[in-house]
Amino acid sequence: MIKHKIHILVCGGTGCKSSNSDLLVSTLRNELIENGLDKEVQVVLTGCFGFCEQGPIVKVLPDNIFYVGVKPDDAHEIIAEHIIKGRKVQRLLYVDPKTKERIQDAKGMNFYKKQLRIALRNCGFIDPESIDESIARDGYAALAKVLTELTPAETVQIVKQSGLRGRGGGGFSTGLKWEITAKSQADQKYVVCNADEGDPGAFMDRSILEGDPHTVIEAMAINGYCTGADKGLVYIRAEYPLAIERLKIAIKQAREYGLLGQDIFGTGFNFDIDLRYGAGAFVCGEETALIHSMEGERGEPTFKPPFPSEEGYLGKPTNVNNVETYANIPPIILQGAEWFSSIGTEKSKGTKVFALAGKVNNVGLVEVPMGTTLREVIFEIGGGIKGNKKFKAVQTGGPSGGCLTEKHLDIPIDYDNLIACGSMMGSGGMIIVDEDDCMVSMAKYYLDFTVEESCGKCSPCRIGNKRLYEILETITKGKGTVEDLDRLRNLSEVIKDTSLCGLGQTSPNPVLSTLDNFLDEYEAHVKDHKCPAGQCRDLMTYWIEPENCVGCTACARVCPVSAISGERKEVHIIDAALCIKCGACLEKCKFNAVYVS
Amino acid sequence: MTKVKTLADLKKLREELQKKIHVRESGDHPESTVQVKVAMATCGIASGAKDVMVFLMEELEKRGIDSVVTQTGCMGYCYAEPTIEVTLPGHEPLVFGFVDKKKADEIIEKYIKNGELVDGIIPITYQSINENQEEGQQ
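Chains as they are written, first to last, in this note's numbering: chain G, 1 to 597; chain Z, 1001 to 1138.
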């Protein structure tokens, strides 16, 4: 049996691979063989360390020594010095940018971990279908604490002082919302969890419900105690079957343990939770529309005020918070407002979960302290852009948000900074766009979504967004004019100013932010009738470079509309009038003779 | 089912459970039980985590390895699904990515049986507010 005493871990993440970590691995292995150490030391390729800027990364176990920027040439020194003589290679240790000291202590290696998990603390750690595992990780301890040690008002104060703001997108102070609901006088109040996650590409709330449903139940009960509600409702979309199943199991277990129901912890406090299913309408993420949908009415928003905290579900005071907001509550109660407010920026406290998607290497769920920069999220944790392409933009806030560009990469992420840049936090979807993506098409995609999801109640949103979409379509077809750009902007402003709810008030944001940041792309479409990213099909022409064409006839045979003509061994020609721009000839040609422009 | 009636009940229950979870339904030999967690959120299942979980349960039993396989939620490494976490007795947990049946077989044969590391380990890139998780990584 081979028992390796030492392991050398080499990062095989995409970022490090492009800095030649493959050659580094083979060089290390060769060095080991040459020194007869290959039976004792093993080289292992790992996934991304999330520290790509300093790559390639090498970690030696069990010494826990972390080397950065290691080149294949350094392999000899690592083996000769560290492995054989047991001396650290000083020059390859990480230098702390602040203290200029080389990091020696393996315990201090967390410095490079940019993520901090509060809301996701149990996700991927406990079995979500076991209440026991939740309790072993402090589940329901916060509920016990507030019921036995704190008054409702004191608990609200803790939440208020923590600086927690709504994670669903709006960013309203959670404590303030609780306070208003608590102060409203009524014979019955409700606690609602908004699990109607609708942004394309966002899956934070689903992951929390699937990974740690008990934290949401516990936080809702805490809210019930604070506001005087004994009834909780989770509004969840039916297209999240696994989240629903796990939530049901969790509620059942909590009832069996007496953590939901009558006289919880013997304090006389009663609370129970039911589920309400949504059909997946985007507008139902808006709290008034959500409440109407729960009441069995059409999922349409109504004018605020009155706010749900005063007059909500069935006309009673209702506290509506999002899943991630609730997931932050138990740690705040247990560790205190001061602890929570020490994390983050001046006005945005704590962490935010982002669903990283699009043209990024490490697609995934990340949780970072507020104030982390977009660059850190995309290029460190996210491992950079797929295929070493050029970063173009990052879309945050879903259909209500906007695009941020290169110049915004070093801005610390928080609610206010994102709004100042023309985007918004939203629920936390983050879609990365590279040089191959057309920004006009991107705006069109979001408008298509909004047109589909508008409830139709108010005209600016119902008709205005449809017109916006049509103008964008004209532009991507190459039939747009310079005047269309003004029309886009004016119409966008009107829709924003006159729509009834948050959906319409924010739906033109993708158009406005792309107009602001990528005006040149719009102009290329309307003036030169060209799509710089090469994505708008109607603006492309396929042609054959005579010098490269050998007349193999492969392209003519693959063309579905017979647009290519030419004799065998003679130059072929594409008839632009017939061509449907499917790209089949381009894929088929082995001689690089087919071009697109 | 015993009800949790008081704060003291919860504290007592938590202590008992913490010991139990630490060795995860240890059975008779907590010191030799291998613990495997499979990330089973929608994304993991869509990438085949369910098949891998069944494979691991069946094969570990067939090969006579004292083990407990449980499910968990999303670990966050969507790009590397399916992901699993393996804890050998006396060792710190290790996460492996892109685990299909072939990889699972390699992990059983090399890592679980011989303690030999295999390619595809995912370094933990985060800190958690829960201490035992923070320290629980290589």
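Hints may be right or wrong, so weigh each one.
[Unchecked claim] Far from chain Z, by Cβ distances over 10 Å, these chain G residues were calculated:
1) 7
2) 240
3) 268
4) 274
5) 335
6) 463
[Stated by the list, open to error] No farther apart than 25 Å at their CA atoms in a straight line, the calculated lysine to aspartate or glutamate pairs in the DMTMM-like style are these:
7) Z:1005 - G:311
8) G:39 - Z:1015
9) Z:1050 - G:311
10) Z:1110 - G:263
11) G:183 - G:311
12) Z:1005 - G:40
If you are wondering where the hints come from, they were derived from the structure by calculation, not from laboratory data. Given the structure is predicted, the values throughout are model-derived calculations rather than measurements. Note that beta-carbon positions come from the ideal geometry of N, C-alpha and C, so glycine has one too.
Right, here's what the structure says about each hint:
| no. | hint | in the structure |
| --- | --- | --- |
| 1 | 7 | 5 Å, violated |
| 2 | 240 | 8 Å, violated |
| 3 | 268 | 12 Å, holds |
| 4 | 274 | 21 Å, holds |
| 5 | 335 | 7 Å, violated |
| 6 | 463 | 36 Å, holds |
| 7 | Z:1005 - G:311 | 34 Å, violated |
| 8 | G:39 - Z:1015 | 43 Å, violated |
| 9 | Z:1050 - G:311 | 45 Å, violated |
| 10 | Z:1110 - G:263 | 52 Å, violated |
| 11 | G:183 - G:311 | 12 Å, holds |
| 12 | Z:1005 - G:40 | 55 Å, violated |
Against the hints set out earlier in the document, violations occur for numbers 1, 2, 5, 7, 8, 9, 10, 12.
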